[in-house]
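Visitor: Let chain A serve as the given structure and place chain B on it in line with the hints.
Protein sequences appear in the order of chains A and B.
28 is the number of the first residue of the first sequence in this note's numbering; add one for each residue after it.
23 is the number of the first residue of the second sequence in this note's numbering; add one for each residue after it.
Derived from the structure by calculation, the hints contain no laboratory data.
A couple of the hints might just be wrong.
To be verified - Stretch by stretch, here's where chain A covers chain B in the computed footprint (C-beta under 8 Å, at least three residues): (1) 70 to 80; (2) 160 to 166; (3) 171 to 184; (4) 188 to 201.
Claimed, not checked - No more than 16 Å apart at the CA atoms, straight line, and that leaves these computed lysine to aspartate or glutamate pairs for EDC-like: (5) A/Lys344 x B/Glu213; (6) B/Lys74 x A/Glu62; (7) A/Lys56 x B/Glu86; (8) B/Lys77 x A/Glu59; (9) B/Lys75 x A/Glu62; (10) A/Lys56 x A/Glu76; (11) A/Lys344 x B/Asp160; (12) A/Lys130 x A/Glu185; (13) A/Lys256 x A/Glu234; (14) A/Lys56 x B/Asp78; (15) B/Lys45 x B/Asp78; (16) B/Lys74 x A/Glu59; (17) B/Lys77 x A/Asp356; (18) B/Lys138 x B/Glu173; (19) B/Lys145 x B/Asp160; (20) B/Lys122 x B/Glu185; (21) A/Lys262 x A/Glu328; (22) B/Lys77 x A/Asp86; (23) B/Lys75 x A/Glu59.
For each residue, glycine too, the CB sits at the ideal point set by N, CA and C.
Chain by chain, the residues run as shown.
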Amino acid sequence: MTRTVLALAIFFLTLCGCAKEEPVPPEVKLAEAQEFNLWRAGAPLYLQEPFARYRDALDKAKNSLIRVNSRFRWFRDYQPVQAEFVRVLKQGDELFKLLEIEKQNRAMRVGEQMADLRERLQHLDQCSRMTNENRASRIRLTKAEVILNEVRTLYEREQYRASEEKLKDVETHLSHAEKLIIPVLSRYKDKGQVRKWKKWTEETIEESAGREIHSVVVVKADRKLFLYKNGKLFKTYPVGLGRSGWSDKQRARDNATPEGRYRIIGKNPRTPYHRALLINYPNEEDWEEFHRAKKRGLLPETARIGGSIEIHGGGNKGMTYGCISLANDHMEELYTIVEVGTPIAIVGALDRQNSLSSALTGIQNGRTKKKTP
Amino acid sequence: MKRVRWIVVGFVVMAFVAGCGTKPQQEIDATTAAMNAVISEGLGKYAPEDEKKLKDAMAAVNAELQVQEGKTFKNFDKTKQLLADLTKMAADMKAALPAKKEKAKQEAMAAMEAAKAALADAKTMLAKAPKGKGAAADIEALRGDVKGAEEMLPEVQGLIEKEDFNAAMTKANAIKDKATAVGDQVKKALEKVQGMKAPAKK
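The following block holds chain A by itself, in its conformation from the complex (with noise of 0.2 Å):
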């Protein structure tokens, strides 16, 4: 009986030893609290692979762990596991101050590619309005720029991989508002164009100063329309073009003002716009140009060349359907001066360093910043 009960005793001794509650390292709770924290603080987002190492090890100190409390508890050491916990909390720290650093750089590198792509967005927003593109631009322009701002609402809650991705849109639209803005302004750089209009503009002036006549050159590039009397420049007046006035003409409703070397043929008191002066378009050359485009498929088979483009007041300001635009009382100054047959020079450009030639460099050079790192 005595051997039952002390046999019982020890028994429910052991069992009494196994069942006590394990004490634990306080470094197992800090590493925890420590895995939490650069969780929450983005280390898996900016740091993975540092980061998984680091849960790597917090894993083996835990299975470590789970060995040593699995024991009797005679025979368990927390020395080694408490040790490993430790270098788990030093290495945890470490990741702490890379994290930073990591985070630090990417919002530097976010912020200025935010600053870049927004001066890009500026400029290509001036460039849409001097070339009247205004739509299809405008369109990508605008959700580029509501993207930015979704950007900036990313940045400001530090999260800086989502705006890194927001990003690349912001960039797509910028370069498709480019790709349609940028063939109306390389116009007004191409050598070969602008020694065309200035040949125009050179035989335009050697008439009015050879016959002892006026002729008018108008420059779209400056918006102008100079007034020639006997070769020697008279008067000079600001102009509003066409909707697509920066282009040359090359059909019916394409709101683009044309050019080339036109005549008045005609004059209007009574018109809507106070004071009109038709030109002769289409002249032979621009009925050549546009069967050329038809055959080469430019311009569908249905397209009709265009025509009543004139010289007329109602102000300067606005956009016409391709015609020139001059201020009332402009209008009634070169309505009374010119006459039926005064040579015209309708040109892009005198020099290749104009408005929009300008404007061109300042897209290419917004491109190269891009690509710079």
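Guide: Using the frame of chain A, we list chain B on its own:
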């Protein structure tokens, strides 16, 4: 007699070990089900820290399970307590989730309505501006801007339908900011073109 005593001792020992040492599989299954239920309802999206706490608590339960399974004389009392606490945590989080979701949804929808209102204001002002020949380039540009902003509204709706309410709100607020800026520019542009004739279309 001796043999009988040892048999009795043996039975007592076996009864004691069996009582404390059964893995609480039913409780584990119930807790896992409770956790999966709340995670599948989008806990990570609306309360990512809560999801993390839940998963860390489950890891602690598994660690305790492994400790006991490694022992000769197992005692799953602590495991059962941890499982009970975890089940309650998951249930509480599940109960709070619909309110969090609804709040996020309402905020996103309010932001979208505000964006629509700002766009409508800009369009109303643009409607007053001259169209056609003689229209100022600025006003034409702003028409394009309004169209661009409008085209982004369906993206907000799409995000709301995907229950990405945070992203929806961010985008809606960005559209609203742009629409408000356009509205201000329209006012300035209208002041500039005031007095311009709006002649009949040529």
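Visitor: For every hint, state whether the structure bears it out.
Guide: Tested hints:
no.	hint	verdict
1	70 to 80	holds (count 4)
2	160 to 166	holds (count 5)
3	171 to 184	holds (count 3)
4	188 to 201	holds (count 7)
5	A/Lys344 x B/Glu213	13 Å, holds
6	B/Lys74 x A/Glu62	11 Å, holds
7	A/Lys56 x B/Glu86	14 Å, holds
8	B/Lys77 x A/Glu59	12 Å, holds
9	B/Lys75 x A/Glu62	11 Å, holds
10	A/Lys56 x A/Glu76	23 Å, violated
11	A/Lys344 x B/Asp160	10 Å, holds
12	A/Lys130 x A/Glu185	8 Å, holds
13	A/Lys256 x A/Glu234	10 Å, holds
14	A/Lys56 x B/Asp78	12 Å, holds
15	B/Lys45 x B/Asp78	21 Å, violated
16	B/Lys74 x A/Glu59	12 Å, holds
17	B/Lys77 x A/Asp356	80 Å, violated
18	B/Lys138 x B/Glu173	11 Å, holds
19	B/Lys145 x B/Asp160	14 Å, holds
20	B/Lys122 x B/Glu185	12 Å, holds
21	A/Lys262 x A/Glu328	42 Å, violated
22	B/Lys77 x A/Asp86	14 Å, holds
23	B/Lys75 x A/Glu59	11 Å, holds
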